[in-house]
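K.L.:
Residue-level listing of the chains:
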Amino acid sequence: MTNEYPFSNEVGDMLYATHDNPITNCLQCGTCSGSCPAVEFMDHSPRKMIGMIRANMKEEVLASNTYWSCASCYQCTVRCPAGIDIAELMYALKRYSMWKDQYKSGLIGPAFSESFIKMIVNSGRSYEPILAASYLPKFSTFDIVQEAITASELVFSGKMNLFPKKIKRIKNLQNVIRRIVPIGELS
Amino acid sequence: MTNPKKILIIDDDPDYIAGIKPILERADYTVEVAHNPKEGFNLFQARPFDLLLLDVNMGRGAEGVAVARKIRKNPKYNAIPILIITGIREQLAFLFPHESVQPQFADLDGLLEKPIEPKVLLEKVSTLLKLFEEKKNI
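Keeping their order, the protein sequence lines are chains A and B.
Using the working numbering, the first residue of the first sequence is number 1366, and each one after it goes up by one.
Using the working numbering, the first residue of the second sequence is number 487, and each one after it goes up by one.
Okay, chain A solo, but in the shape it has when bound (with noise of 0.2 Å):
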């Protein structure tokens, strides 16, 4: 039996799950689009993926690179004049992607992501190092020596930790993520 229920419906349920769907809201007036700084890197502008979402491309909307750019500066947010969490929807996309393993293949954005997770559930902070470390395969030769650079001279400034530091009491926040999370208790 095939799945019937429209993406742009996905969608809004996601946002606001207990709420109307606000992407029927959009004015198609760019103001998103306008504001965005990211937007010359994106495959299509947020105003575009809007109508996408309505149009329920959902093949178009997830295989473009838009919400894995989005710096999530809340521009689009605050100046959306039908009120839409544009910066959320962004954030939507890339949940959605992941949990249906569908998403631009190249992009360091879903194993930035997932990296990042898992540090801060480990250690309490982010640490570069390792951060840039867990994505290093997706960059380029080139990329790989700008980062060294950079981060010799983050270090060399004071303003990165040569080796990771762990908050204290590390156990309480992974009890408030399973809280959060609801995982569940420790069995």
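Wrong hints could be hidden among the right ones.
To be verified - Simulated pairs of lysine to aspartate or glutamate, EDC-like, Cα-Cα distance not exceeding 16 Å:
id: 1; chain 1: A; residue 1: LYS1423; chain 2: A; residue 2: GLU1369
id: 2; chain 1: A; residue 1: LYS1469; chain 2: A; residue 2: GLU1424
id: 3; chain 1: B; residue 1: LYS507; chain 2: A; residue 2: GLU1369
id: 4; chain 1: B; residue 1: LYS491; chain 2: B; residue 2: GLU619
id: 5; chain 1: B; residue 1: LYS492; chain 2: B; residue 2: GLU511
id: 6; chain 1: A; residue 1: LYS1423; chain 2: B; residue 2: ASP501
id: 7; chain 1: B; residue 1: LYS492; chain 2: B; residue 2: GLU619
id: 8; chain 1: A; residue 1: LYS1465; chain 2: B; residue 2: ASP501
id: 9; chain 1: A; residue 1: LYS1469; chain 2: A; residue 2: GLU1425
Stated by the list, open to error - Which chain A residues stay away from chain B? Per the calculated CB distances, all over 10 Å, these:
id: 10; residue: ASN1430
id: 11; residue: LYS1469
id: 12; residue: GLY1489
Note that these hints are calculated values from the structure, not bench results.
Virtual Cβ for every residue (Gly too), placed ideally from N, Cα, C.
Got chain A sorted already, so can you dock chain B onto it with the hints?
P.N.:
Just chain B now, with coordinates in the frame of chain A:
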């Protein structure tokens, strides 16, 4: 002939619903579906159901939790069995590997993890419905 038992599925994954709905219907249950907690809770209030199959992670977070709590708080529905069917391990097991999934958020009647064997699902559903029937008759 007895009336078929009515089951409500609240799950945000239409692919999953498309998979389990026919399994339950073939076992002679009447199945209704809701793709989000709001729609699900409205349906649940609108007509009587004998069992609720509920997903945990919907919308921005664990919104299935809110549905389970609302139902358990209401004396009108709190005897209706709730079976949690969650894919949370599939999605987030990398956070806490080697731990059991046992959400301690509401009084539940059962928990199954996706993916589920149809046989296991049907056995669990039938057990819960029998228990519910026995409770009603006491």
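K.L.:
Now tell me, hint by hint, if it's right for this structure.
P.N.:
Evaluation of the provided hints:
| no. | hint | result |
| --- | --- | --- |
| 1 | A/LYS1423 x A/GLU1369 | 12 Å, holds |
| 2 | A/LYS1469 x A/GLU1424 | 10 Å, holds |
| 3 | B/LYS507 x A/GLU1369 | 13 Å, holds |
| 4 | B/LYS491 x B/GLU619 | 10 Å, holds |
| 5 | B/LYS492 x B/GLU511 | 10 Å, holds |
| 6 | A/LYS1423 x B/ASP501 | 14 Å, holds |
| 7 | B/LYS492 x B/GLU619 | 13 Å, holds |
| 8 | A/LYS1465 x B/ASP501 | 10 Å, holds |
| 9 | A/LYS1469 x A/GLU1425 | 10 Å, holds |
| 10 | ASN1430 | 22 Å, holds |
| 11 | LYS1469 | 20 Å, holds |
| 12 | GLY1489 | 13 Å, holds |
In summary, this structure violates none of the numbered hints.
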